[in-house]
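These protein sequences, in sequence, are chains A and B.
Per numbering that gives the first Met the number 0, the very first residue in the first sequence carries number 0; after that it's consecutive.
Per numbering that gives the first Met the number 0, the very first residue in the second sequence carries number 0; after that it's consecutive.
Calculated from the structure, these hints are not laboratory results.
The reader is advised that the hints may include incorrect statements.
Example chain A residues on the side facing chain B (calculated, C-beta under 10 Å, incomplete) [said to hold, decoys possible]: (1) THR48; (2) SER58; (3) TYR67; (4) ALA76; (5) GLY82; (6) ARG320; (7) LYS321; (8) ALA327; (9) LYS331.
Ideal Cβ positions, reconstructed from N, Cα and C, are used throughout, including at glycine.
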Amino acid sequence: MTDVASPTTTRKDWASDQEVRWCPGCGDYSILTAVQLLMPELGARREDTVFISGIGCSSRFPYYMNTYGVHSIHGRAPALATGLATARPDLHVWVITGDGDALSIGGNHLLHALRRNVNITIVLFNNQIYGLTKGQYSPTSETGKVTKSTPFGSLDFPYNPVSLALGAEASFVARTHDMDRKHMTETLRRAYEHRGAALVEIYQNCNVFNDGAFEAITSKDNRPSMLIPLEQAKPVRFGPDGAKGVVMDRNGSAAIVDVADVGEEALLVHDEGRPDPSTAFALSRLASGPHTPTPIGVFRSVERADYGSQVQDQLVAAAARKGPGDLAALLKSGTTWTVGA
Amino acid sequence: MIRFAGDSGDGMQLAGDRFTASSAIFGNDLSTLPDYPAEIRAPAGTVAGVSAFQIHISDHDIFTPGDHPNVLVAMNPAALKAHLPDLEAGAAILLNSDAFDDRALQKAGYASDPRADDSLKPFKVYEVPMTSLTMEAVKPSGTKARDAERSKNFFALGLVSWMYSRPVEPTLEWVAKRFAGNEMVQEANTLAFKAGWNFGETAEIFESAYQVKPASLPRGTYTNISGNTALAWGLVAAGQLAKLSVFLGTYPITPASDILHELSKHKNFGVRTFQAEDEIAGVSAALGASYGGALGVTTTSGPGLDLKTETIGLAISLELPLVVIDVQRGGPSTGLPTKTEQADLLQAVFGRHGEAPLPVLAPSTPGDCFYIAIEAARIALKYRTPVIVLSDGYLANGAEPWPIPDTASLPDLSAEFGFATEPNKTLPDGRQVFWPYLRDPETLARPWATPGTPGLMHRLGGLEKADGAGSVSYDPGNHELMVRLRAQKVAGIAKDVAPVSVDDPDGLGGADLLVLAWGSTYGAVQAGVKAVRSAGGRVAHAHLRHLNPFPANLGEVVRSYRRVLVPEVNLGQLRKLVRAEFLVDAQGLNKVNGLPFRRIDIQLAILAELEALAGQQNGSTARKEDK
Ligand code: SF4
Chain A
0 MTDVASPTTT RKDWASDQEV RWCPGCGDYS ILTAVQLLMP ELGARREDTV FISGIGCSSR
60 FPYYMNTYGV HSIHGRAPAL ATGLATARPD LHVWVITGDG DALSIGGNHL LHALRRNVNI
120 TIVLFNNQIY GLTKGQYSPT SETGKVTKST PFGSLDFPYN PVSLALGAEA SFVARTHDMD
180 RKHMTETLRR AYEHRGAALV EIYQNCNVFN DGAFEAITSK DNRPSMLIPL EQAKPVRFGP
240 DGAKGVVMDR NGSAAIVDVA DVGEEALLVH DEGRPDPSTA FALSRLASGP HTPTPIGVFR
300 SVERADYGSQ VQDQLVAAAA RKGPGDLAAL LKSGTTWTVG A
Chain B
0 MIRFAGDSGD GMQLAGDRFT ASSAIFGNDL STLPDYPAEI RAPAGTVAGV SAFQIHISDH
60 DIFTPGDHPN VLVAMNPAAL KAHLPDLEAG AAILLNSDAF DDRALQKAGY ASDPRADDSL
120 KPFKVYEVPM TSLTMEAVKP SGTKARDAER SKNFFALGLV SWMYSRPVEP TLEWVAKRFA
180 GNEMVQEANT LAFKAGWNFG ETAEIFESAY QVKPASLPRG TYTNISGNTA LAWGLVAAGQ
240 LAKLSVFLGT YPITPASDIL HELSKHKNFG VRTFQAEDEI AGVSAALGAS YGGALGVTTT
300 SGPGLDLKTE TIGLAISLEL PLVVIDVQRG GPSTGLPTKT EQADLLQAVF GRHGEAPLPV
360 LAPSTPGDCF YIAIEAARIA LKYRTPVIVL SDGYLANGAE PWPIPDTASL PDLSAEFGFA
420 TEPNKTLPDG RQVFWPYLRD PETLARPWAT PGTPGLMHRL GGLEKADGAG SVSYDPGNHE
480 LMVRLRAQKV AGIAKDVAPV SVDDPDGLGG ADLLVLAWGS TYGAVQAGVK AVRSAGGRVA
540 HAHLRHLNPF PANLGEVVRS YRRVLVPEVN LGQLRKLVRA EFLVDAQGLN KVNGLPFRRI
600 DIQLAILAEL EALAGQQNGS TARKEDK
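Extracted from the complex, chain A is given alone in its bound form (with noise of 0.2 Å):
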């Protein structure tokens, strides 16, 4: 690529021209403008963007995207992204996936994409259930949900996907919601702006078949008291006035106290950049589930060379030790002999 000044674009630009079909009232539309509306801020080009996606309602994404994009199969949309990301870590990778399709069908991939560090940002629409199919529990489902597939409710033990990446020892983990579009734009932003294999997972509501499912923590009026914002070299704190903090027990755990309790030298300062995942860790099973406080922000941002440059280097390296490929060299490589000479 050309190293000339990054495009100026809009919204507009970034806009395919087609119609887009999801449930009126649906969260994933708020996504879809929080993305459109930071592609142009970051500088990004269209052409060297590409969104790859899986199957459901989240992976209809691409679509909506004026860029270089990839509606795939069910699950495979990380397996996919490592491919392209691998063979030209030139481009910007997205890969847009739900709780089912990153979770259930395609968990494999999730892990494996994460643990070797490819240069792909995966934003999961986490609504705990299916969506696209009508209303089947999801792995992120809680138990005991009653669908209709599970009438009696689910015996399910349902994932925590923050936790799932950082036991993946992914390189940047973060969780988010559709909510609060500030909040939304400016954790995509890092994720976007991080080299590796970056995870971002979304609270989306689903109004159909799973309404209100984060209400009790991302309301307006719920927000204050039960979202526990993650931020960079700060105490962890939250609640009306910050009177609630987290700090680490002695077992390793993290607990939410009073600060007046405590005092605020002994709440957790927060460095999302520790090399050891176990503290990150530890603020992501401070809630069970999405009715009580919960942290958003970035768990982890650490550096690790990624996939596909490594790749690179060591095409380069082997160009330089043996020089370029010479076939009829190659062919000969073996053992020869001569008949009829």
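Let chain A serve as the given structure and place chain B with the ligand on it in line with the hints.
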């Protein structure tokens, strides 16, 4: 041909002898050549003290005991040193790695460990810690360590018996009888033998020599090449010829993994190899790379092909190039990982949901694997389609002398396709846009625009596309049109591939019988046909490299003969296709015992067919005379 070599105290004669006996029971022709040390009391561990036993087993008549073993079992460095000069490139060496310590190397006269330098490079070396594995295996027999070690010849025997599918019972019965008086030794030898066998199975060690070689080779420079290496080199060549970087996304699986191993050595050609988390990720990554403008390739065997199916369907819908190599093995399920079979043909042609045609190719010989890889890439790139290549375990591991081509004679693949660089459609309002499904009228291929190209941003996906514009379309008429267009595109490739050539000394239709075959049966069919001809039989041979679509002249060819015989290592898959396509009553010659055809199988089947034809002819003549 197999040579067991070790110290004279290692029991090599016994191992060779037992192998001979079990081979004879198996029904193979064989000849043997024991080779005792000249000096009866030569010092242990030295070259002079090496004892060897050679056995030549063959599925056809043996004329000579042969001079060059395909497999050398070397129990120590001295045995390796003594017998290495007799090996032809490509032979397999089974080393007892426990015996390669400094002292043993020194005794054998090695200045340095031959495993570390280039001297073993032309061979396929399997290092097996035979001594320690044997000692571990015989523990339950209560044998003392010193004696336990002695059973390692039986370990080696078990391992080689596995490689050559020898029956186990004759050896075990023999051990029971021979050591009837000494239960401990009897048990130790039995355990060692079984451990060797099991090791072969677990480690999936196998060797299948490609046996049919032309008697006299035409002029040229040759190298020994196995099918897997030839495929890997063919892919490297395809990348160079197309001026594209090759991206292999794959997952280890027997017997295809060697393609990954070989390709991963050639990073200086810009080849990226990606060992994925599973088969699905392997093919999906390859498809993602193709979207980015690379030559995406995936390699696998039957169970992996099953898993890749959905992504291959997506590649058909996205209309992107993708080369899928299936090195077939015995199925279904895990089946026989180290045995050959041709039973994935119908899966390759039809095995996807919906109307999902794609081109299918098959190499005929190990050397042809090189050219088939280039041909697969050509078709994939030109028509923007996934292509399946059906190799098999026999080709993959078999090696043959291969005339090295002049690289200037290879096709220029870069002339066969191009990337889209500008908008291809003017809308009624005058706007210039890019339509990703606006096809080339000739090839019906859609334009290939890669990310990074300004102005051509577009979205692909597995949902049905509107003809031309490529947006999502649920329109029933459009779906019918697109299904037919995709089918036409693949069918049209028939015009663009070489017509199948017919080997018939009397010209097309001259012979009484046509043998129509595909894939690795080539050598056996050629040999069988020649043998029949030399006895005066009139038989033709046509060998298919393109199995979907068939070459344009195939209908004419099969209709030119009164009878068609289709030999296959499956239950009649090509035969079914030929019958369905051309309404000819093709006959089958089928086997599925994990082994390739022998010349004699083909020869006898041809003779039977010719006899049946002669009978028909006499019958009809008689009836005519009745009138
Ligand atoms: S089903 Fe739910 S997630 Fe899907 S579009 Fe409708 S509201 Fe959104």
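Evaluation of the provided hints:
1. Using the Cβ-Cβ criterion of 10 Å, the hint placing THR48 (chain A) at the interface with chain B is satisfied: the shortest such distance is roughly 8 Å.
2. Here the hint on SER58 (chain A) is kept, as its CB sits about 9 Å from the closest CB of chain B, short of 10 Å.
3. Of the supplied interface hints, the one on TYR67 (chain A) holds, with its beta-carbon coming within about 4 Å of a beta-carbon of chain B, less than 10 Å.
4. The criterion of a C-beta within 10 Å of any C-beta in chain B is met by ALA76 (chain A), whose closest approach is roughly 9 Å, and the hint holds.
5. Hint on GLY82 (chain A) holds. Least Cβ distance to chain B is approximately 3 Å, under the 10 Å limit.
6. The closest approach between the C-beta of ARG320 (chain A) and any C-beta of chain B is roughly 7 Å, which is under the 10 Å cut-off, so the hint is satisfied.
7. Because the smallest distance between the Cβ of LYS321 (chain A) and any Cβ of chain B comes to about 4 Å, under 10 Å, the interface hint for this residue holds.
8. For ALA327 (chain A), the interface hint holds, since its Cβ comes within 10 Å of a Cβ in chain B; the closest pair sits about 5 Å apart.
9. A distance limit of 10 Å between C-beta atoms decides the matter here; for LYS331 (chain A) the minimum to chain B is near 6 Å, and the interface restraint holds.
In terms of the numbered hints stated before, the structure departs from none.
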